[in-house]
Structure formats: structure tokens, C-alpha cells
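Trainee: Sequence:
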Amino acid sequence: MKVRTRENKFPLLLDNKFFIPILLALIILPTAFLIFTHQDKVYLRRVAQETMYFLKQQVLRYERFESRNAALDMTQVTNRAKILAQSLQDKPERMTQAYLEDYAYAQRLDGIMVFDAQKQIEASSFIDKGIYDEMLKIAQTDLISSVLKFPMRSYMDQFISKEDNIVYSYTVVARQDKPGYIFAYRKESTQAADDSQSYMDGLFGSYGFELGGSVMIVKDGRVITSNYKKFKNKYLDDLLPEAKDKLHDEGKNIYSITYNGQVYYGVFEQFKDYLLVVFFPEKAVFANRFRDMAYVMLICIIAALLLIYLHMRSSQEHYKQLRKQYATIRAISSIFVTVFALNLRTKQLEVLQLPEGVELDIPKGTDGVKWLDQMIHANVKQEFYESVDIFNDLKALQARLQEQKSLYIEYQDKSNMWFSSLMVPQSYDDKGEITSVILVTRNITKEKERELAYQEQLRETAREAQSASIAKTDFLRRMSHDIRTPLNGILGLVEIANYHADDLAKQQEYRNKVMENAKILLDLSNDVLEMNKIESGKIVLAEKSFDMQQLVNSMSTMTEAYAKMRGLSFSKSFEGQHKQVVGSPVHLRQILTNLASNAVKYNKEHGSLAISCREIGCVDGVVQYKFICEDTGLGMSEEFQKHAFEMFVQEDSEARTSYIGTGLGLAIVKKLVDIMGGTLELESKKGVGTRFKVVLSFKVDEKPTAEKPAESKQEASLAGRHILLVEDNALNMKIEEFVLERAGAVLTKAVNGQEAVDLFAASEPGAFDAILMDIMMPVMDGLTAARTIRALERSDAQTVPIVALSANAFAEDEAESQQAGINDYLSKPLNAQQLIKTLQKYLH
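Residue numbers for the sequence shown follow numbering that gives the first Met the number 0, so the first one is 0 and each next one is one higher.
The set of hints was computed from the structure by calculation and includes no laboratory data. One should not assume that every hint holds.
With a straight-line cut-off of 25 Å between C-alpha atoms, the simulated SDA-like cross-links for lysine to any residue are [stated by the list, open to error]:
| no. | residue 1 | residue 2 |
| --- | --- | --- |
| 1 | Lys641 | Gln589 |
| 2 | Lys369 | Glu385 |
| 3 | Lys733 | Gln753 |
| 4 | Lys128 | Ile165 |
| 5 | Lys346 | Gln403 |
Could you put the whole structure together from the sequences, leaning on the hints where they help?
Mentor: Set out below in C-alpha cells:
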């Protein structure tokens with residue numbers, strides 16, 4: 000293709016590599032000179048204004064030094080600000096703008112600002128907004144707000160307004176109603192100052208002015224003071240004859256002045272009875288310009304050398320860039336299966352990339368849109384036809400690509416492979432309409448399979464969460480039923496017992512049944528608490544020596560009695576040489592008890608139950624026992640066996656009136672067996688029965704300790720022991736009182752923690768042998784009472800045993816009580832033997 004180019008009329012000039020650097024230098028250097036000159040003048044104006052402002056302040060200080068009336072005026076403003084502070088303290092409702100305006104008018108104040116401790120205005124009153132803004136800046140300085148740290152301090156001064164040169168007296172005092180301060184001001188007329196040369200000479204002291212500035216204060220045409228002694232007491236007309244024309248300039252312009260053959264730049268301003276003169280040497284004013292121009296010239300030289308270097312390498316860099324762009328395009332294109340270019344005007348399709356080994360011959364003049372449509376419909380699954388047709392719709396293509404920048408679609412071909420197609424604009428015409436597009440296709444089968452698998456995983460997780468929620472809801476429903484059922488029995492039995500008040504035999508029968516229903520409620524509570532301990536990881540296995548056969552016999556005795564009550568036959572067997580082992584007997588008993596309890600609950604009428612324990616091996620001091628619990632009960636379906644060890648599940652929901660349980664028994668068994676490192680097997684058949692096999696390992700106790708003889712009732716006596724009983728519930732108090740007094744204890748009773756603390760503090764040291772403390776009580780709870788008692792300064796405060804009695808049975812409750820200084824923790828309902836035994840442990 001032939002490309003027409005314009006002829007270069009100035010080849011030597013434009014092709015010369017020095018042309019651009021020279022042109023840039025001719026533009027940059029004069030521009031930089033003007034800019035730096037302007038910057039120095041701007042800086043000069045600012046310094047001159049600041050210096051002039053300083054001179055005004057010095058003049059003002061001089062006049063204030065000589066003016067007794069000025070001091071009196073500031074004192075009056077301060078006194079009126081203090082009166083306002085006292086008024087706001089007496090009546091805080093006066094903190095309003097209306098009150099401040101009335102007060103300012105009455106006291107002839109131009110402005111009042113009331114600040115809080117963060118230097119923020121709570122209320123204000125002012126006459127002139129311009130001076131108000133200037134005063135606000137002063138009022139928020141650190142010097143003014145220092146009264147926050149020293150409320151007894153007040154501060155007063157005078158200020159000359161930059162706008163109108165009026166003198167203002169201001170003061171600041173601390174607020175009395177709350178942390179903060181009050182800032183008040185008013186303007187006053189300037190008074191003539193006496194000529195005190197000694198004070199005037201000390202106005203500048205050793206103060207150094209920027210840019211080496213010279214300053215003069217002129218009165219009646221004579222220099223009364225200056226930072227240079229050579230100017231003092233001389234007439235301005237003699238020093239600067241050209242200053243006559245600038246006396247009424249008011250400091251608005253900066254003038255060039257010649258003195259002793261040197262050029263200076265200065266300003267003149269009439270202030271009160273004084274002419275203030277400030278001027279600076281030209282060398283100091285434009286010192287930065289000379290330095291900055293040197294830098295600019297150096298930069299220009301470096302830039303010129305760099306441009307020449309870049310010009311020499313431009314051709315080579317351009318070629319490298321083209322190669323890099325080509326390599327980038329090839330790398331990007333490698334992730335696509337096909338790449339096509341489609342001209343929307345001619346509908347010509349150009350093949351830019353195809354899979355390796357694939358060739359396409361598209362005849363000239365072929366409608367590219369129709370060809371693509373035929374190819375896609377021949378390979379894409381039918382359910383994607385509609386979305387593909389929308390994707391290839393040229394009529395709506397312009398509008399869609401204008402809004403979305405690109406079009407994207409995913410589809411599956413007839414070989415079940417997934418592809419994605421992306422269409423992006425390639426070129427536009429002068430009107431901004433798209434003339435051609437690029438269409439790329441990529442194989443996304445692996446990504447799509449991962450995405451679909453992840454979506455299925457999410458759906459499965461949602462199903463599991465829903466199942467868990469349903470199970471928990473079902474558990475609460477069953478718990479409500481299982482709690483209300485024995486409660487209904489207890490209430491009904493009490494009602495019947497009241498009717499048969501004189502029949503002692505029936506009374507005994509009803510009490511036994513009440514106790515049985517109460518134990519059912521306790522078992523329900525214990526199961527829930529035990530599962531909570533397991534789930535929270537707070538189960539600690541004991542390392543205790545015990546007799547395996549004795550444990551099995553003890554558990555079997557209770558199970559046999561329970562089975563006979565239900566009309567079931569019961570058998571047990573034990574085979575083992577290593578009977579004395581080391582392990583956690585409490586948790587082993589719980590496993591066997593839960594299995595046996597389920598076997599009794601869910602057995603048939605006149606059914607049977609068998610428990611066996613057999614040693615199956617002993618290696619290196621570790622013995623393995625297999626426990627089998629087998630029944631002829633209802634059995635489980637194969638489907639339910641998959642979920643038998645999950646929490647809150649029970650298969651026979653229609654049998655709730657006959658079988659009471661939480662659905663946690665088997666879950667607890669499975670968790671405990673896993674924690675103890677054992678195995679658990681389940682075999683069951685619906686309508687036939689169920690068999691559980693548990694295999695656990697224990698260390699052999701090579702040196703078994705002799706069993707301690709059972710304590711006699713006399714050893715468990717609390718005769719003569721003085722106990723402080725703290726309980727807010729009257730019924731619980733009566734029960735505990737009965738148990739303790741029956742054991743011979745002497746009681747002092749308190750109904751809340753505060754009363755217990757008072758009784759203990761008022762007693763003689765050692766008067767109480769122990770304290771029984773309820774936890775949840777009014778006025779003061781048991782934990783606070785225990786901490787208070789331990790903190791008392793008396794000999795027995797740290798040693799008196801404190802035993803907690805609480806309906807809270809969670810491990811964290813017990814840990815919290817230990818932190819409060821409680822020695823032991825007993826959960827309700829009260830076990831009389833356990834209570835007496837626990838007290839005996841601490842009463843030596």
C-alpha cells in the first residue's frame with residue numbers, strides 16, 4: 000500500500016537535532032525569568048506587609064505603654080467578661096445569642112464569643128463580621144486558650160485591625176459553668192503618645208528583618224526610631240527626597256528607591272501620627288531569582304543533552320516497542336481458541352487465529368454474520384440458541400456496545416465442552432459509530448466445572464444448614480414435650496396426694512413417682528449440659544485407677560432394676576484378667592449407662608437386654624476391652640442408622656408419649672468414645688433389635704491401691720459446725736436448712752450477698768466454719784459477696800471455706816466462681832450426701 004506524505008519545506012531546520020533544544024531554551028529561559036521575578040515580588044510584598052504590620056504593632060505597644068486610658072479600657076472589658084461568666088454559671092439557660100447581644104449592647108462591647116473546652120464556639124454576638132473573623136483567629140490561639148489549663152488566669156491585650164486600622168481591646172477569662180473560656184472585645188479611639196525616646200529606641204531591640212530590610216518610624220518629618228542608628232533623628236526629606244510623593248500611598252504599592260547609589264524597594268504608610276517606612280536592597284530581593292535561573296539553565300542544558308540522546312535512539316526504541324507489542328498480542332491471543340475480526344459495514348469476516356491444525360476457507364464475499372451464525376448453531380447445544388442469537392444481533396449491537404463496552408456470553412457445545420465468547424469494538428467512524436469488532440472465543444470447561452462444583456457445594460451446605468436448623472427446632476419441640484410431661488406428672492401427683500392426705504401408703508407411692516419424674520428432668524438437663532461440654536472442648540479425661548468388673552457390676556445393678564420395672568429380662572457377663580486399670584471411670588460409666596438406658600427405653604414389651612464386657616488383648620501394659628449392649632427392641636431403619644449419632648435426632652417421632660429422651664444420648668456416646676480413642680459399631684434391624692460394640696483401651700494398673708472403707712454416718716456428721724447459709728429462695732433455704740441441721744450443723748442464715756457480707760464482717764474471726772453461697776441473688780450476687788469477703792482485712796477472710804450452690808451447671812460458671820475466691824462448686828438440685836461430703840472435705 001502506498002502512503003502519501005507531506006513534503007518537508009525546512010529539512011535542515013526540522014531534522015536538526017539541535018532545533019528542539021534551542022527552541023525550548025528560547026521559550027523557557029525568558030518565561031522562567033519573568034516567573035521568578037514575579038515570585039520574588041510577591042514574596043517581597045508579603046514580607047513588606049508583615050514588616051509593616053509588625054511596625055504597627057510596635058507603635059501600638061509604644062502608645063499602650065504611655066497610655067493609662069488604654070490599660071483602664073482593657074481592665075473594664077475584662078471585668079465585664081468575668082461578670083458574664085458568673086451570670087452564665089448562675090443561669091445556664093442564658094447561653095443564647097439573644098442574651099449575649101443584649102449584654103454586649105448594655106456593656107458597650109463589640110463582640111462576645113463563648114468557647115467550650117475544644118475551642119469550639121457555643122454562642123457569640125458581634126457587630127462587624129470582618130473584625131469578628133480576625134478576632135476569632137486570635138481567640139483560638141494556644142496563648143488565649145491557655146486559660147483552659149489555668150482557670151484563674153485572665154488575658155487582655157489590644158489589636159489593630161488590618162482593614163480599618165482601628166484599635167481593639169480584647170480579653171479572655173475562664174468559664175465558670177463548665178470547661179471553656181469567654182472572649183470579649185471592643186474598639187477604642189487612638190490617643191496621642193508622649194515622645195518617650197528611651198522606650199521608642201527599644202522597640203526593635205535585636206530583631207532581624209527578612210531580606211535585610213530597613214525600617215523607620217517618622218513623626219513630623221523626623222525619623223524617631225529605626226533599626227539602623229544612622230537614620231535616627233534625621234529628616235526623611237534629606238534621606239529619601241523621592242518619598243514626598245508617596246506619603247499618602249497607604250502601603251498599597253512597592254516603589255523603587257535610590258539611596259547612596261544603590262537601588263532599594265520599599266513601601267510607605269501613614270499610621271496614626273506616624274509615617275512608617277520599610278525598604279529592602281535589590282540584591283536581597285532578587286537573590287532567589289539569580290539562583291533559580293542558574294538552576295533552570297542547568298536543567299535546560301541537561302534536558303537538551305537528553306533530548307539529543309533520545310532523538311538518536313528513537314528509531315531503535317520504536318522498533319523494539321513494536322516487537323514488544325507484537326509479542327504481547329501473541330501472548331494474550333494464546334489463551335483464546337479463535338480470534339475473528341468482523342467489519343460491520345461490509346460484513347466481511349477476517350480470521351486472525353485458529354486452533355493449531357485447524358484450517359478455514361471462507362470465500363470472498365461471504366456474509367460473515369451468517370457464516371458465524373451457521374457455525375455456532377451447528378456446534379452449540381440447542382438450549383443456548385436463544386442467548387447466542389441475542390449475542391450476534393447486529394441491529395442492537397451498536398447500542399449495546401455503547402453502553403457495555405463489551406459483550407460476553409457462555410455456552411456449551413454438543414460435546415459438553417464450555418466456551419466463552421467476548422466481542423469488543425475495534426474501530427469507529429467520525430460519528431463515533433462502531434465499524435468493526437473483534438470476536439474471541441476461549442475454552443472454559445475446567446473453570447466452569449469448578450464453578451458448577453462450587454455452586455453445588457454451596458447448595459449442599461445450605462441444605463445441611465437447613466437440616467441442622469430443622470433438627471434444632473425439632474429438638475426444642477421435643478424438649479418442651481419431655482420437660483412438660485414429667486412436670487405435668489409432678490403437678491398431677493401433688494394434686495392427687497392432697498386428695499389422699501390421710502392415706503400414708505398412697506402418699507409414699509406418690510412421693511416415689513414425684514422423685515422418678517424429677518430424676519427424668521435432671522437427666523434431660525444433664526444430657527444437654529454434657530453435650531455442651533463436649534462441643535466446647537471442655538471434657539477432661541481422668542487418669543484414675545478403678546476396678547473394671549466392679550464398675551460394670553455397679554452399672555448393671557442399676558440397669559437391671561430399671562429393666563425389671565419395664566418388665567424386661569436382663570443378663571450380664573464379664574471376662575477379663577486385668578481388672579484393675581487406669582482411665583476415666585466417670586465417662587466409661589456414662590457411655591455404658593446411655594447405651595443401656597436406650598436399650599431399656601426403646602425395647603419391646605417382655606423383651607430382653609444383655610450387657611457383656613470382655614478383654615480382647617493386652618500389649619505393653621495396655622489392655623483392650625470390648626463392651627456389647629444388645630437388645631430385642633424396636634431397632635432402627637438403615638436410613639436412620641446413617642444419622643443415629645447426630646445431635647437432636649430420633650427416628651420414632653410418633654412414640655414420644657412412650658419414650659422420653661433428648662436425642663442426645665447416642666451423640667454423647669459417640670463423642671466420648673472418640674475422645675477416649677476408641678471405636679463404636681452399630682448393628683440394628685427394624686423390629687428385631689439393636690447391638691452396640693464399643694472397644695476402648697486402658698492402662699493396666701500394676702500397683703492397685705486398696706479401696707478406702709466407706710465413711711460411716713458418724714464420720715459424715717457436721718455436729719457443732721457453725722455454717723453461714725446464704726440463699727434467697729425460701730424453698731431452697733428450707734431444704735438446705737433441713738439437710739444441714741439433720742447433720743448437726745448450727746446455721747446463721749442470710750437472704751442476699753450483702754447481708755452475708757455484713758454478718759461475716761460483724762462476727763468474731765473464726766466464728767464461721769464454712770459459708771454456703773448461692774450465686775444469683777438480689778442486692779448483691781454470690782460472686783461479688785465472695786470477692787468482698789476475701790478482701791476483708793481479718794485473719795479468716797482468706798481461709799474460711801466458701802462452697803457455691805447454684806442452678807448454673809456450666810463449666811464457665813464454675814471457673815468464674817473459682818476466680819471469685821470460691822473453694823468448691825455444687826450444682827442444684829441438691830444432693831444431700833454430696834453436700835455433707837464436700838463440707839467435710841474442708842472442715843478438718
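Trainee: Against this structure, judge whether each hint is valid.
Mentor: Results of checking the hints against the structure:
no.: 1; hint: Lys641 x Gln589; result: holds (23 Å)
no.: 2; hint: Lys369 x Glu385; result: holds (15 Å)
no.: 3; hint: Lys733 x Gln753; result: holds (20 Å)
no.: 4; hint: Lys128 x Ile165; result: holds (14 Å)
no.: 5; hint: Lys346 x Gln403; result: holds (22 Å)
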